[in-house]
Amino acid sequence: MVATATRGKYAVQPHSQEPGSPDERLVYLVDKGKLAFRGEYQAIWESACNKLAQAGYGALIPLSYARHSPKLVKTLNPEAAINLSASVSLAAIKVNRAAAELLPKAAVIAAAELKSSHSFSSWIATVEELIHHAPESSLAVLERTQKIVSTLTPDRFRSWVLAGLRSTGDDTLRQIQYFSFVDPESEKWFLHEAGDVVFTNLERKLKLYLISLWNLCPPMRDLIASSAPLSVRRISISNGVIQVPEVFPGFHDEQAETIFRAGIAHAGAHLMYSTKKFVLGELKPIQVALVSLLEDARVEYLAMQAFPGLGELWLPFHTAKPSGPKLVPLLLSRLARALIDSGYRDGDGWVQKGRDMFFDPGNDFTDPAMCRRIGGLLGNDLGQLRAQFNSKTYVVEPPYRDDNMGLWDFGDRQGQEESDEGIFIEAMRTSPQESDDDSSSSQDSEQSDDRNEQQYSARESTDSEHRESEVAVRYPEYDYLTGAERPSWTCAVEYFPDFGDALKIDRILEKHSKLVNRITNLIQSAKVSLPERLHHQNVGESLDLDACINAVISRRMGETPDPRIYSTTERKHRDLSVLVLLDVSNSTNDKVQTAGTSILELELQATSLLAYAMSELGDPFAISAFCSDGKEDVHYYRIKNFDSPYDSSARAYLAGLKGKLSTRMGTAMRHATSDLINQHTHRRLLLVVSDGEPSDIDVDDQLYLVEDAKKVARSISRLGIDTFCVGLDGSGDSYLHKIFGKKNVAVIDKLERLPERLPMLYFRLTA
Amino acid sequence: MNLDSYSITSEPYYFPTHNEVQLFEAAYASRMPMMLKGPTGCGKTRFVEYMAWKLQKPLITVSCHEDMTASDLVGRYLLDAEGTVWHDGPLTIAVRHGAMCYLDEIVEARQDTSVVIHSLTDDRRILSLEKKNEVVRAHQDFQIIISYNPGYQSVLKDLKESTKQRFGAIDFDYPSPEDEAKIISHESGIDDKTAAKLVYISERSRNLKGHGLDEGASTRMLIYAAQLMAQGVSLQDACEVALVLPITDDRDVRNALSSAITACA
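Which chain is which? The protein sequence lines are E and P, in order.
In this text, residue positions in the first sequence follow the numbering used here: the first is 1, and each later residue adds one.
In this text, residue positions in the second sequence follow the numbering used here: the first is 1001, and each later residue adds one.
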């Protein structure tokens, strides 16, 4: 559908001097084009043209190729021009004629921008990759060649394409939305790859900044739900949550960091000083805008009393000039500047009046009511001036300020979507620009809005199913194809586990009482701790100097010297915390070939033996389980925490585990690590119990999740945490070897083999 | 033995924040062993010096470390040309000749070390030198004081219950903002207003405690910053050198803290 809409725009228009019929035109273009080639290339190119002409793709594709590809000779080389014909063929076969026709033209644009033949071949390789994996979307990408190649390097382009393919799975509709920039994720990753300063990368800094200033720690989210054009997106505060746009366009590097910081400081000032909401009442839109503006100035005034340096942070963004047409939005930004910048002079009577009223010595700055009063009056003045105010196009300026939606109590009017205020609210929330009259784009935004709402409501409904789930943490994921992590790519959601029958665990212990004893003894004999230096020993590998001196002194004094003059080192304790991470994906319901029980059953048996032994010995340990349902919903169940006892409820949770969904191992490992990192023992061990290959419903690249998990395993070991994997059922062990390293995997196919394998694990920890 | 070199001759500057001076004097009257608790750089050591000066007693300070053994405190035989000779350790000198003995950061020392002070911290007030077969009765002026930073508490490094219960304790914290400003301006010579600003800045860092910082900026750090400023260094630079860079290696925390300092300026 996109194809037909754009076809007209890009179709080859006959040039005046070219002959009329397509065949004649092709002959004309080939004759003209081959002049660009030298020697043998001439004939090769000509035959490439003929091949395209005879392939039955229609007349336009060979024409487009013959017209554009010779231009590549000059910018790049003849090979690039000739090789392009294969890509055009591919596009014609896999996608459609429109895409194939567009490709030569896009290639010329890309070549002009990229300049080197190496970059160009990476670009064309990515385009081909896209044609293979998401043919329906490739036209949309080709149409945006100029935007893409002028912003992204070919590597980054591939990275952005992969982000799209990875986030949309094999959902064609979502792919098209992503690659035509309808999906807000698309813009987000585009900016990410473009290297702009994005909120995700600054989030921690900004959080710490607010804590440092006001000891405030409100949750922050990226404002992905907004369908407004990027340029008019503003920070939004609602119910104590700060929503931040992913990027402030036009602000780069240091400047970008500054505007994020200015925005967060402004939001912090609201949280500190905007203590009660204004009631909307009968206020007109202009009055609402004014009261909000005055409230902004009031909280900034108070914040600057506490932190004078904030003025320097905010002031540079106030760029209004005391001249120009007296349009309401301009007057508003002039007033905003007049209220914060004491050095600003404005001859306008209305602006001056606003300033005088605001700084009237009788005002109580701690009470927001002053803003309501002054805003009402100033609004009436503007009304009498018959100044036009369009609430739909109004955007809060300067851009660091928030949309002020959080200041207002809309009462029950919020439901009345059709009322003026309702529209105004909507306008302030999304602020679509009037100039954006392209109907398709506004339709698209509506669609994406709907989709986001669906997403949110979906999340709510799963939440209500498992009421207790409250923790949702985002983690990056590693893409081996780009060699980089994508930040905040996946989401680990903690759900409360189901209760099962704790007696089941007790029965396992009873049945395997001999094994339990063996395992307990095994663990007990393992000394995992910092080696301690022992002085004053009978035997040892070095002399204890203090003891030697004492022995000599004793001899001189005529006493019998103490023969214990050696020192040695020994590991005396077991200073080790273990987090057992259980894979409870659907595949664990399979039967183990040799044992006849399900993998999950075997997992439970092994875990209950280990857990029993560790709790008997007093070792700190935790048990968690995971499965996944796409990247946004990695289920994480806490069976037992480090600080909670291994009591009947923990055993009941363990017994209640069921195998379902998929295995996004990396994210679960990252989440488990955040627990383990806080344990202050000498060694920390992440013990993953799995049946093999990581996979998820939205991933069709088998290697992707394996490589991610491998990356996690490595980065965990860099944190000083050991990883070990107990593989159940031999089938998946090659993947496990790849992820954890051969030495760190023990495969058991029946419970009796656990004691044989455990010493290997503990030996590794003490070695 | 002459303990003059251990005496504090001129009055150390100490700004009492509560009634700690009276409490300590009362404790000293009965020679009660004292424990000073509080975060690093809040003035524990200065307080002990001040009290030693006020009470006109010599003060022997021992900074405890991981490798310190009981004989480092008590003393040991050493070899010399003629044979062996006994050397008193710092604790024994204080016990024998009547000084205040201050064991700084006692938890750092090995656990067997803290046990040697047990007989000194109950009504016996004796120190037995096993190697020398001697029992030293404490001089009437002897008092033992230990310091202890609860912030570092971990299972491995904590005082034994039997040690803890032998001491009276005074809790120290950073002084109130007004008092802290006075202390800073006295110690560095900068004006009260700048000192107050530094204290305000320190609150920004103390807010970050538990969010990337283990401990906020101490009074000592603020004095360092103030001393730099007294030499003409700008507030931002002085805070960077004396406060932001020493306190953490975490870039995000540094960035947040620096920005907050800019906001205070």
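Just so you know, not all the hints are guaranteed correct.
Below, computed lysine to aspartate or glutamate pairings styled on EDC-like, alpha-carbon distance capped at 20 Å [claimed, not checked]:
| no. | chain 1 | residue 1 | chain 2 | residue 2 |
| --- | --- | --- | --- | --- |
| 1 | P | LYS1132 | E | ASP546 |
| 2 | E | LYS572 | P | GLU1203 |
| 3 | E | LYS205 | P | ASP1252 |
| 4 | E | LYS205 | P | ASP1088 |
| 5 | P | LYS1131 | E | ASP562 |
| 6 | P | LYS1132 | P | ASP1192 |
| 7 | P | LYS1209 | E | GLU203 |
| 8 | E | LYS205 | E | GLU282 |
| 9 | E | LYS205 | P | GLU1203 |
Heads up, incomplete: computed chain P residues facing chain E, CB under 10 Å, no partners named [what the hints assert, rightly or not]:
| no. | residue |
| --- | --- |
| 10 | THR1084 |
| 11 | VAL1116 |
| 12 | HIS1211 |
| 13 | GLY1212 |
| 14 | ALA1260 |
Chain P is nowhere near these chain E residues, computed Cβ spacing over 10 Å in every case [claimed, not checked]:
| no. | residue |
| --- | --- |
| 15 | LEU206 |
| 16 | ARG261 |
| 17 | GLY309 |
| 18 | ILE549 |
| 19 | HIS737 |
Simulated from the structure, these hints should not be mistaken for lab results.
Idealized CB from N, CA, C, for every residue including glycine.
Consistency of the hints with the structure:
Taking the CA atoms of LYS1132/P and ASP546/E, the gap is about 16 Å. The hint holds against a cut of 20 Å. Using a Cα cut-off of 20 Å, the hinted pair LYS572/E and GLU1203/P is violated, with the two alpha carbons roughly 44 Å apart. Note on LYS205/E and ASP1252/P: the hinted pairing holds, with a Cα-Cα distance of about 5 Å set against a maximum of 20 Å. Restraint check: the Cα-Cα separation between LYS205/E and ASP1088/P comes to about 54 Å, which exceeds 20 Å; the hinted pair is violated.
Annotation: proposed proximity of LYS1131/P to ASP562/E holds, straight-line Cα distance about 13 Å (limit 20 Å). A C-alpha spacing of about 56 Å is found between LYS1132/P and ASP1192/P, which places the hinted pair above 20 Å, so the restraint is violated. For the hint pairing LYS1209/P with GLU203/E, the CA-to-CA distance comes to about 18 Å; that is within 20 Å, so the pair holds. Using a Cα cut-off of 20 Å, the hinted pair LYS205/E and GLU282/E is violated, with the two alpha carbons roughly 41 Å apart.
For the given pair, LYS205/E sits about 18 Å from GLU1203/P by alpha-carbon distance, which is consistent with the 20 Å threshold. With 10 Å as the threshold, the beta carbon of THR1084/P comes within range of chain E, its nearest partner Cβ sitting at about 5 Å, so the hint holds. Violation of the interface hint for VAL1116/P is found here, the shortest Cβ-Cβ separation to chain E being roughly 16 Å, above the 10 Å cut-off. For HIS1211/P, the interface hint holds, since its Cβ comes within 10 Å of a Cβ in chain E; the closest pair sits about 5 Å apart.
Hint status for GLY1212/P relative to chain E: holds, with the closest Cβ pair at about 6 Å, below 10 Å. Hint on ALA1260/P holds. Least Cβ distance to chain E is approximately 4 Å, under the 10 Å limit. Look at LEU206/E: its CB is around 8 Å from the nearest CB on chain P, not clear of 10 Å, so calling it non-interface is violated. The claim that ARG261/E lies off the interface is violated: its Cβ sits roughly 6 Å from the closest Cβ of chain P, which falls inside the 10 Å cut-off.
The non-interface label for GLY309/E is inconsistent with chain P: the shortest C-beta to C-beta separation is roughly 4 Å, within 10 Å. With a minimum CB-CB distance of about 7 Å to chain P, ILE549/E fails to clear the 10 Å threshold, and the non-interface call is violated. At the 10 Å boundary, the C-beta of HIS737/E stays outside the reach of chain P, the nearest C-beta of that chain being 35 Å off.
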